[in-house]
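Given next are the chains, with one letter for each unit.
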Amino acid sequence: MVDPSQMMRGTLEGCIIKIISKNETYGYDIVSKLKEYGFTDAKEGTIYPLLVRLERKNLITAKYKESPLGPKRKHYYLTSLGEDYLDEFLKIWRDVRNSVDRIMEEVR
Amino acid sequence: MNIIKELKKENNKESRKIMLDDLGLIRNITDKMNIYIMNTYDMQIVKRDLIGMAQEMKLRGTTLRDELGDNVDEFTKEIIENSRGPSKLEIFLTTIKSSAIPFIIIFGGMLLLSKNFDMSMSIYFPILVYLFLGIQSILEFIFVSAFNKEKNFKKYIPNVIRGLTFFIFFYYFIGNKIARGGPEVKIACLVIIHLFIYAITYFAYNKHIENLAKSSDDIVKDLIDKTK
Chain A
959 MVDPSQMMRG TLEGCIIKII SKNETYGYDI VSKLKEYGFT DAKEGTIYPL LVRLERKNLI
1019 TAKYKESPLG PKRKHYYLTS LGEDYLDEFL KIWRDVRNSV DRIMEEVR
Chain B
59 MNIIKELKKE NNKESRKIML DDLGLIRNIT DKMNIYIMNT YDMQIVKRDL IGMAQEMKLR
119 GTTLRDELGD NVDEFTKEII ENSRGPSKLE IFLTTIKSSA IPFIIIFGGM LLLSKNFDMS
179 MSIYFPILVY LFLGIQSILE FIFVSAFNKE KNFKKYIPNV IRGLTFFIFF YYFIGNKIAR
239 GGPEVKIACL VIIHLFIYAI TYFAYNKHIE NLAKSSDDIV KDLIDKTK
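Top line first, the protein sequences correspond to chains A and B.
Residue numbering for the first sequence follows our numbering, starting at 959 and increasing by one per position.
Residue numbering for the second sequence follows our numbering, starting at 59 and increasing by one per position.
Same shape as in the complex, but just chain B (with noise of 0.2 Å):
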């Protein structure tokens, strides 16, 4: 079973029944939540928790955003801090996972529409894209954090970082003779590969997020099982 999935499901569900004023409260808060901030298994938890509030107090004729008043960012910040945080490893399934897909997607297409699958390229293109990848999520990590909570122009620094890296790295590297010297590798090859690894975090997610779960007495059971 995919827990987020259905998780995900089970509160999109349940929030239409709630008024749109606190959908959009709700999507305020939970925007501020991300992987490098709380794992996502507490943050769709935390999401049905206040569908399910706003669900009662819709029906006692008040609304979330009367019972929060001006405090929904302190409430935010204290929900986080409080939180069990963080997971290092759903970071590191969630880098490697996402970064398989558009190696799938590209060169698979290319192999596809080309129709010719002997087609290489330079081993260092595959590898200087991780080391992008490696080095965005450490910069995620440390400046998604750090910026996370404010308000100002200072929540859009993390967004440069991004655009900058991305910009440094492509310009310098993928545009550089770098990625298009050294030994050749199949791109059918690295396709596969990355199906594979593809597959791999897939399943390793899962079963991790099914840990975070179970650590967590399993509540998420109550919720999905009954509801199917």
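If we strip away everything but chain A, and leave its shape as in the complex, we get (with noise of 0.2 Å):
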């Protein structure tokens, strides 16, 4: 049985980076498109080691800021590595997607 969560982790940190891409943006806003675009099993807990990960390897960057609600907030930046890797994501992503949809649709 296809487990759905494991599919949609596979393809979440290059989500993440094109959501950042847009805009500087902090965790929940980022859960909050996430579950608007279908993930809705997205969490905090699960992107938060998926950020910790995209940081180390510096695709992006933080910056705490004030917040209008509580405490100051962590933003959340692309890097122009992060740019190098979302479009190189968007590529393979793509290359994928069109492998897939033929064999789904050709193969009898």
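Be a bit skeptical, because a hint or two may be false.
[Stated by the list, open to error] Computed cross-link-like contacts, DSBU-like style, restricted to lysine-lysine with a CA-CA straight-line distance of at most 35 Å:
| hint | chain 1 | residue 1 | chain 2 | residue 2 |
| --- | --- | --- | --- | --- |
| 1 | B | Lys67 | B | Lys173 |
| 2 | B | Lys71 | A | Lys980 |
| 3 | B | Lys135 | B | Lys244 |
| 4 | B | Lys272 | B | Lys71 |
| 5 | B | Lys146 | B | Lys63 |
| 6 | B | Lys213 | B | Lys71 |
| 7 | B | Lys75 | A | Lys1030 |
| 8 | A | Lys1023 | A | Lys991 |
| 9 | B | Lys244 | B | Lys67 |
| 10 | A | Lys1015 | B | Lys75 |
| 11 | A | Lys980 | B | Lys244 |
| 12 | A | Lys1015 | A | Lys993 |
| 13 | B | Lys63 | A | Lys1021 |
| 14 | A | Lys1049 | A | Lys1021 |
| 15 | B | Lys213 | A | Lys1023 |
| 16 | B | Lys265 | A | Lys991 |
| 17 | B | Lys146 | A | Lys1023 |
| 18 | B | Lys66 | B | Lys244 |
| 19 | A | Lys1021 | B | Lys71 |
| 20 | B | Lys272 | B | Lys244 |
| 21 | B | Lys116 | A | Lys993 |
| 22 | B | Lys66 | B | Lys173 |
| 23 | B | Lys155 | A | Lys1001 |
| 24 | A | Lys1030 | B | Lys173 |
| 25 | A | Lys976 | A | Lys1030 |
| 26 | A | Lys991 | B | Lys146 |
| 27 | B | Lys155 | A | Lys993 |
| 28 | A | Lys1023 | B | Lys279 |
| 29 | B | Lys116 | A | Lys991 |
| 30 | A | Lys1001 | A | Lys1030 |
| 31 | A | Lys1023 | B | Lys272 |
| 32 | B | Lys66 | A | Lys993 |
| 33 | B | Lys173 | B | Lys75 |
| 34 | B | Lys272 | B | Lys155 |
| 35 | A | Lys991 | B | Lys75 |
If you are wondering where the hints come from, they were derived from the structure by calculation, not from laboratory data.
Both chains come to you apart, so use the hints to assemble them.
Structure below.
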């Protein structure tokens, strides 16, 4: 049986980077956007380790900023390395999607 | 500026604003992290992020525990695996810095209490203690990393090894004549040398943490500078 959470997890990194590429953003906002686009299981607890990983790989960077809701928020920004990663991710994702689509449609 | 001290102060201050249950949960998570697994700077930043998350969740009427559910161990494991990992230089400096303290306290205390600044001891004693601390650090590095994620009795293995090495070392060497023979060294000299070692490693440690902070864009400055 296909485990949807495992499949989604693999693509989550690319999606998070895409969301951050649009505007600087913070954890809760990323989760809201992911949910809006169908990652209904996304939680801050799911994405935080991924954000730690993306920061370690220098694909994103962070800054603490004042928040209207309580404590200072950690805002994430895309780095130039992150931009390159996003381009590469999109290319690979399109190739994989095309291949999977073709197999699903054409193989009888 | 002592970044770790400031971060710890900031985290202690902010942790008072979160739910007690979440505070316990964050402690459970951070207790699984130590310098043999993750550098102290990253540990404090993770703690700050979790406290921040818990504060926002409290204001939204939910909790960090609700958010993480039963996945706390998995969450902790993923953070550790995705982090920059331990810093060998930090482990080295921490070991030297903390081993200088007992020398200063015990021997400095002995000198002050006896008022006999001419006292001396076998040179083998401090050498053996350093040897013990070195072996202990290597064992910590190997065993704490290996058993840190264990849940059952295996998680106590590092403690058993600590106890055993301590017992074997002190029973065999310190209790033995090895640590009493050989050339003698003035205890006052040892105290001065260790004060010097402590001061050097203290500054080197702070410098190293500053470098770790700079390599992650110095985000801590956003937290510390404005809250003073």
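Do the hints match the structure? See the list:
no. : hint                  : result
1   : B/Lys67 - B/Lys173    : violated (38 Å)
2   : B/Lys71 - A/Lys980    : holds (34 Å)
3   : B/Lys135 - B/Lys244   : violated (49 Å)
4   : B/Lys272 - B/Lys71    : holds (24 Å)
5   : B/Lys146 - B/Lys63    : holds (20 Å)
6   : B/Lys213 - B/Lys71    : holds (31 Å)
7   : B/Lys75 - A/Lys1030   : holds (13 Å)
8   : A/Lys1023 - A/Lys991  : holds (20 Å)
9   : B/Lys244 - B/Lys67    : violated (40 Å)
10  : A/Lys1015 - B/Lys75   : holds (32 Å)
11  : A/Lys980 - B/Lys244   : violated (67 Å)
12  : A/Lys1015 - A/Lys993  : holds (25 Å)
13  : B/Lys63 - A/Lys1021   : holds (20 Å)
14  : A/Lys1049 - A/Lys1021 : holds (29 Å)
15  : B/Lys213 - A/Lys1023  : violated (39 Å)
16  : B/Lys265 - A/Lys991   : violated (40 Å)
17  : B/Lys146 - A/Lys1023  : holds (32 Å)
18  : B/Lys66 - B/Lys244    : violated (39 Å)
19  : A/Lys1021 - B/Lys71   : holds (20 Å)
20  : B/Lys272 - B/Lys244   : violated (42 Å)
21  : B/Lys116 - A/Lys993   : holds (21 Å)
22  : B/Lys66 - B/Lys173    : violated (38 Å)
23  : B/Lys155 - A/Lys1001  : violated (41 Å)
24  : A/Lys1030 - B/Lys173  : violated (54 Å)
25  : A/Lys976 - A/Lys1030  : holds (23 Å)
26  : A/Lys991 - B/Lys146   : violated (39 Å)
27  : B/Lys155 - A/Lys993   : violated (48 Å)
28  : A/Lys1023 - B/Lys279  : holds (11 Å)
29  : B/Lys116 - A/Lys991   : holds (21 Å)
30  : A/Lys1001 - A/Lys1030 : holds (20 Å)
31  : A/Lys1023 - B/Lys272  : holds (18 Å)
32  : B/Lys66 - A/Lys993    : holds (34 Å)
33  : B/Lys173 - B/Lys75    : violated (50 Å)
34  : B/Lys272 - B/Lys155   : holds (23 Å)
35  : A/Lys991 - B/Lys75    : holds (27 Å)
Comparing the model with each numbered hint stated earlier shows that hints 1, 3, 9, 11, 15, 16, 18, 20, 22, 23, 24, 26, 27, 33 do not hold.
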